Structures are given as structure tokens and as C-alpha cells.
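The listed protein sequences correspond, in order, to chains C and Z.
In terms of our numbering, the first sequence has 80 at position 80, counting the first letter as 1, and numbering is strictly consecutive.
In terms of our numbering, the second sequence has 213 at position 213, counting the first letter as 1, and numbering is strictly consecutive.
These are computed hints drawn from the structure, not numbers from a lab.
In this text, all values refer to a predicted model and were calculated from it rather than measured experimentally.
You may find that some hints are simply not true.
Which copy? The list can't say, so a pair holds if one copy fits it or any two copies do.
As the list claims (entries may be wrong) - No farther apart than 25 Å at their CA atoms in a straight line, the calculated lysine to aspartate or glutamate pairs in the DMTMM-like style are these:
id : residue 1 : residue 2
1  : K211      : E181
2  : K116      : E80
3  : K211      : D133
4  : K211      : D223
5  : K211      : E294
Number of protein chains: 2
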Amino acid sequence: MSRPAAGVRAPILVVGSVALDSVRTPFGEVTEALGGSASYFSISASHFAPVRMIAVVGDDFPAAHRELFESRGIDLSGLETSAGRTFRWRGEYSVDLGHAHTLETQLNVFSAFHPKLDETHRATPLVFLANIDPDLQLEVLRQVRGAQLTLSDTMNYWIARKPDRVLEVLREVDIALLNEEEARALAGETQLIRAADRLLEQGARSVIIKKGEHGALFQSRDDRFITPAFPVASLSDPTGAGDSFAGGFLGWLSRCGRRDPGAMRQALVAGSVMASIAIEGFSPTRLVEIRREEIAERMQVLHQLVDFDLDPSVLTSNEP
Amino acid sequence: MSRPAAGVRAPILVVGSVALDSVRTPFGEVTEALGGSASYFSISASHFAPVRMIAVVGDDFPAAHRELFESRGIDLSGLETSAGRTFRWRGEYSVDLGHAHTLETQLNVFSAFHPKLDETHRATPLVFLANIDPDLQLEVLRQVRGAQLTLSDTMNYWIARKPDRVLEVLREVDIALLNEEEARALAGETQLIRAADRLLEQGARSVIIKKGEHGALFQSRDDRFITPAFPVASLSDPTGAGDSFAGGFLGWLSRCGRRDPGAMRQALVAGSVMASIAIEGFSPTRLVEIRREEIAERMQVLHQLVDFDLDPSVLTSNEP
Numbered sequence: 001m002s003r004p005a006a007g008v009r010a011p012i013l014v015v016g017s018v019a020l021d022s023v024r025t026p027f028g029e030v031t032e033a034l035g036g037s038a039s040y041f042s043i044s045a046s047h048f049a050p051v052r053m054i055a056v057v058g059d060d061f062p063a064a065h066r067e068l069f070e071s072r073g074i075d076l077s078g079l080e081t082s083a084g085r086t087f088r089w090r091g092e093y094s095v096d097l098g099h100a101h102t103l104e105t106q107l108n109v110f111s112a113f114h115p116k117l118d119e120t121h122r123a124t125p126l127v128f129l130a131n132i133d134p135d136l137q138l139e140v141l142r143q144v145r146g147a148q149l150t151l152s153d154t155m156n157y158w159i160a161r162k163p164d165r166v167l168e169v170l171r172e173v174d175i176a177l178l179n180e181e182e183a184r185a186l187a188g189e190t191q192l193i194r195a196a197d198r199l200l201e202q203g204a205r206s207v208i209i210k211k212g213e214h215g216a217l218f219q220s221r222d223d224r225f226i227t228p229a230f231p232v233a234s235l236s237d238p239t240g241a242g243d244s245f246a247g248g249f250l251g252w253l254s255r256c257g258r259r260d261p262g263a264m265r266q267a268l269v270a271g272s273v274m275a276s277i278a279i280e281g282f283s284p285t286r287l288v289e290i291r292r293e294e295i296a297e298r299m300q301v302l303h304q305l306v307d308f309d310l311d312p313s314v315l316t317s318n319e320p
Numbered sequence: 001m002s003r004p005a006a007g008v009r010a011p012i013l014v015v016g017s018v019a020l021d022s023v024r025t026p027f028g029e030v031t032e033a034l035g036g037s038a039s040y041f042s043i044s045a046s047h048f049a050p051v052r053m054i055a056v057v058g059d060d061f062p063a064a065h066r067e068l069f070e071s072r073g074i075d076l077s078g079l080e081t082s083a084g085r086t087f088r089w090r091g092e093y094s095v096d097l098g099h100a101h102t103l104e105t106q107l108n109v110f111s112a113f114h115p116k117l118d119e120t121h122r123a124t125p126l127v128f129l130a131n132i133d134p135d136l137q138l139e140v141l142r143q144v145r146g147a148q149l150t151l152s153d154t155m156n157y158w159i160a161r162k163p164d165r166v167l168e169v170l171r172e173v174d175i176a177l178l179n180e181e182e183a184r185a186l187a188g189e190t191q192l193i194r195a196a197d198r199l200l201e202q203g204a205r206s207v208i209i210k211k212g213e214h215g216a217l218f219q220s221r222d223d224r225f226i227t228p229a230f231p232v233a234s235l236s237d238p239t240g241a242g243d244s245f246a247g248g249f250l251g252w253l254s255r256c257g258r259r260d261p262g263a264m265r266q267a268l269v270a271g272s273v274m275a276s277i278a279i280e281g282f283s284p285t286r287l288v289e290i291r292r293e294e295i296a297e298r299m300q301v302l303h304q305l306v307d308f309d310l311d312p313s314v315l316t317s318n319e320p
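Sequences and hints are given; from them, build the entire structure.
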């Protein structure tokens with residue numbers, strides 16, 4: 001049993017939502033199942049590293065969900081319980097599964113959510129700001145100035161309402177995570193590669209653009225990397241794919257203990273794999289049961305999916 | 001100067017259209033410029049191998065275009081000249097550049113096109129059937145029974161009108177080339193990976209699905225491969241991207257002299273590169289001027305874009 005040096009597994013802080021989701025897709029439905037960005041993220045990341053969660057639930061939050069988090073070793077000292085009902089979301093996906101159609105959002109206790117970080121939380125080296133109000137994201141960022149690496153998510157809702165604040169977050173974090181539509185909207189560019197370039201011109205240090213079934217693109221000032229999506233055999237529910245991606249991404253960086261471009265590439269692949277696992281089930285069910293060996297196998301499949309030998313001699317001989 | 005064994009550069013036959021295109025995109029426009037599937041394909045493939053063209057033009061076809069083909073060493077013995085006007089297409093692209101909006105199609109002499117193959121044409125080892133009427137594609141296929149490798153293209157127009165004939169072509173060729181929408185329509189599946197699987201169930205030996213800015217997917221009974229699109233700095237006109245892709249794909253297979261899965265992967269990358277070159281200019285202007293060294297460089301960029309080191313030990317240690 002190999003035991004890496006203590007401190008290699010840098011803890012990860014997530015600030016986001018814990019919700020009860022009712023979701024219908026062409027492949028089934030669930031009612032008031034565990035959901036929310038912090039839930040998907042932390043269960044995904046927990047396969048790689050210690051996770052600390054900052055979120056709020058109501059006093060109706062089922063003990064079983066709390067126990068699930070605890071069974072994954074997730075530190076719940078930042079999971080506040082407020083008087084009232086837990087955040088609820090109800091949505092459905094059409095047959096193309098590309099977009100969630102929100103049927104109902106009950107913010108409940110989440111409407112007054114104000115992240116409270118103690119000393120330990122503030123000293124966490126890796127930080128994920130899930131798609132909450134950018135003003136709250138900025139508040140958290142000011143408290144974790146010493147973090148080694150910060151990753152933010154956002155959503156069209158905030159890009160439409162607070163574009164300047166979203167851009168401020170984008171400039172302050174190390175990596176900004178967006179999906180295709182968000183990147184196009186924020187950058188004002190339809191071609192994704194140009195959108196990524198534009199976001200860097202707008203001040204981002206690096207961005208990850210999630211492209212759904214087409215994979216993900218990483219763009220920094222020094223590197224550009226593309227990974228396809230892992231080809232899932234049975235898609236059930238796309239909810240939480242992006243947060244599970246983020247969990248795999250930061251989880252890998254923590255676990256491998258490196259922050260160089262090569263590690264970023266591996267982390268993107270790990271993120272892609274965790275997203276593929278999340279969408280195979282409703283709620284984070286598949287994320288809970290997956291074994292690390294399967295994660296490693298899927299990373300190998302993705303490697304095999306894109307690998308080819310370069311043979312420049314075929315082209316550079318002088319033969320016409 | 002290395003000179004590969006004679007016969008390694010297997011000639012390639014293309015059956016398709018030669019047209020005069022008037023195209024407008026957000027980046028410019030051209031009027032009655034050289035276009036057509038056989039034009040893009042043959043100029044693209046001519047960087048790799050000898051090409052023989054089967055097509056028809058009217059007696060108004062500019063001598064300069066014929067000379068351009070000849071300067072690329074393209075065998076025009078199958079380029080028929082009929083009394084009448086050359087096929088004309090007029091279209092425009094909106095800002096997202098995803099779809100051509102056809103403003104006018106004048107088939108002219110192309111409406112009576114009936115591919116005529118002589119003995120040399122019929123003995124060509126590599127064959128590309130561009131997106132003509134599937135009945136004509138089947139006629140050609142019956143004449144090239146001895147071909148080493150056949151590749152077909154199609155379009156939504158034929159999938160809507162003659163789905164059974166399109167499927168018949170798909171079953172008879174070695175590789176069927178489709179774009180995303182065509183694959184979804186023909187397979188009746190929205191997820192592309194499932195659409196590819198379904199096309200194989202429907203009898204295809206292997207398929208290539210072109211995904212525009214997201215690259216291309218190759219799926220055979222034994223292999224699956226994904227290449228991203230080459231990130232172009234300045235997109236001008238998407239017309240001919242698919243045919244240029246096909247030219248690079250078959251051209252590479254001819255030039256490398258192999259047909260194994262590794263060669264198919266390289267060929268897909270070469271195809272992706274040729275598509276990226278085509279769309280940087282209007283008409284096949286950029287395809288004409290590109291040097292083989294640049295093609296090799298772009299293949300290297302694509303390799304670098306997807307390459308990552310596997311490090312399973314990060315995950316498989318027993319440390320929690």
C-alpha cells in the first residue's frame with residue numbers, strides 16, 4: 001500500500017447549493033432526490049481528495065443525505081441548517097438532453113444563503129465556487145486569498161443579470177468554468193475557440209469550456225487542450241454533469257499534487273470521466289458507487305480514443 | 001530525396017460536382033467562383049496522391065479552372081463538357097456559420113449527369129462518391145467492385161427523399177461520411193455516439209461523423225476515434241469543408257500506403273487539417289496554396305491538442 005507524503009492531498013473547499021431535485025428525462029424521473037452543485041461536486045471530488053462543503057439546507061433536509069456525505073468523508077462543518085425548507089428545483093430534459101427546462105425553483109433557505117467560512121475553510125488550498133450569485137463568489141474569493149488554485153462556475157442567469165460581476169470573478173479566479181452557451185454569451189463570439197481567446201483578452205487567466213457530448217476545451221495563456229466526452233452507454237440524467245466535472249478536475253489536481261500543464265490536461269480528462277459517470281444515473285447515485293479503478297479505466301479509454309501516431313515522413317518526402 | 005515504392009500512391013477517383021458558387025458569409029463574398037464537391041475534394045487530395053475526376057461542366061466553364069485542376073496533376077479524362085451552363089449554387093451563411101442557406105440552385109448540365117467510367121477509372125483503388133443522387137452512387141459502386149476502399153458522402157436532401165437508397169450505399173461502401181445532422185436523421189438517434197452505433201447496426205462497415213467546429217468521429221466495428229477540429233484563426237467560408245476533409249482522408253490513406261486502424265486515425269487527422277485549410281478562404285483558394293509542410297505542422301498541432309500522459313498510479317494507490 002503506497003502512501004504519498006502527507007499534504008499531497010490538498011483539501012478542496014466547495015461553496016454552492018444543496019438541493020432536492022425533481023427531474024424528468026426521457027429515461028425516467030426522480031422526486032425530491034439529492035441535488036445541487038455542492039452535492040454533485042463534493043461526491044465527485046471525494047473519490048480523489050478531502051472535501052469541505054459550504055452550503056445551506058433547511059430543517060427538512062433528510063438525515064440520509066447528510067449521512068451519505070459523511071460516508072464519503074465530506075467535512076460538513078460549513079453545511080448550515082436554517083429554519084425553513086431546503087432549496088428545491090424541478091426540471092425536465094427534452095429528448096436531445098442538451099438543455100434543462102426549469103419547471104419550478106423554490107430557493108427557500110438558499111435565498112438568504114451567505115457563505116460563512118471559518119479559519120480552516122479559509123485556509124483550504126483548492127477552492128470551487130459553484131454557480132451562485134457572483135457577488136457571493138467575490139465575497140468568498142476575498143476570504144481565500146491564500147488559496148493555491150481557485151475555480152469558478154457560472155450560469156446564463158448571472159451572465160444576463162450581472163455580466164460585470166461575472167467578469168470580475170472570471171478575472172480573479174485561476175480558472176473559469178463555463179459551458180458553450182455561457183462562453184459564447186459572455187465573450188460575444190460564436191466560434192468556441194475564439195470565445196476562449198476573447199475571455200482571456202477580457203482578463204481570464206484560463207478557462208474551461210464544457211461542450212456536453214463534444215467534451216471540454218481548456219485554454220490558458222500557455223496551453224490549449226481538448227478532451228472528448230467519455231462515450232456513455234446509457235445516459236439517464238444530465239443534471240450535475242458540470243459540477244461532477246469540476247469535482248473530478250480539482251480532485252485530480254489535489255490527488256496528483258501537481259499544477260503544471262500536464263497535470264491540468266489529466267485533470268480535464270478526470271473531470272470528463274466524472275461527468276460521464278454522473279449522467280449515467282439520476283441524482284448522484286452513480287457517482288457514489290463508482291470505484292477509482294473504473295475512473296482510471298475510463299481515463300484510459302479517453303486516451304485511446306484520441307491517440308494517434310505522428311508520421312510526418314508521409315508528407316515531407318519530396319515525392320509529389 | 002526518398003522515393004517510395006511505385007504503387008504506394010494509389011490513385012483516387014472522385015465522382016461529384018464541379019460548380020460555380022456565389023457565396024456570402026459574414027467575412028466576405030465571391031461570385032461564380034470555383035466550387036462543387038469534386039473540386040474541393042480533388043484539390044485537397046492532390047496534395048497527397050494522384051486524383052481522377054468524374055464530373056460534368058457546361059461549355060461556359062472557365063479555362064482557368066480547368067488549368068488549375070491540371071496544375072495540381074488532376075486527371076480530367078472523366079470531366080465531361082456538355083452543351084449548356086455549368087451547375088451554379090448561390091448561398092449564404094449566417095453569423096454562426098453552421099449552416100448554409102441556399103438562395104438558388106441551378107443544376108444546369110448537372111441535372112443530366114450520368115457518371116461515365118472508362119477502364120482506367122474503374123480500376124482506381126480508392127474511390128470517393130461525393131453527395132450526388134444515391135442511385136448514381138450505386139451505379140458507380142457496381143463499376144468499381146475491385147476498389148480497395150470506397151468512401152461515400154450524402155446530404156439531408158437525399159436522406160429525406162431516398163432514405164432506403166442512402167442506406168443501401170451506406171451498406172455497400174467501406175466508409176460512410178456524414179455530418180452530425182445527417183447521422184442523427186439517418187440513425188434516428190440524437191446522441192452522436194449512439195447514432196454511430198446505430199448506423200453500424202443498420203449495416204455500415206464504418207462511419208465518419210463530421211462535427212464541424214467539434215471535429216470528427218470515426219467508428220468501425222473494431223475502433224472508435226475522435227479528432228478535434230483544427231483551431232482556425234480566421235474562418236472565411238465553410239463551403240467545401242466536408243469534401244476537403246474527404247480529400248485529406250483518402251489522400252493520406254493513399255500516401256501512407258496502409259489501411260490499418262492506425263492509418264485510419266492519421267487519415268482522420270489529415271482530413272480535419274484539410275477541412276481547416278479550406279474554410280480559411282473562399283472557393284478552394286487556400287487549398288491550392290497550402291504546402292505539405294504546413295499540413296504536417298497542423299497535424300502536429302492537433303496531436304499536441306489532445307495528448308496527455310496517463311498516470312493511473314494517481315488513482316490506484318490504496319490511499320483513500
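Here is how each hint holds up against the structure:
1. In this assembly of identical chains, K211 and E181 lie within 25 Å of each other by CA distance both inside one copy and across copies; the values are 9 Å within and 17 Å between.
2. For a Cα distance limit of 25 Å, the shortest separation of K116 from E80 inside one copy, 9 Å, qualifies, whereas the shortest one across copies, 77 Å, does not.
3. Taking identical chains as interchangeable, the C-alpha atoms of K211 and D133 lie at most 25 Å apart only when both belong to the same chain, with a minimum of 23 Å there against 34 Å between chains.
4. Taking CA atoms no more than 25 Å apart as the test, K211 paired with D223 passes in both settings, with 18 Å inside one copy and 23 Å between copies.
5. Within a single copy, K211 and E294 get their C-alpha atoms as close as 23 Å, which meets the 25 Å cut-off; across copies the closest is 28 Å, which misses it.
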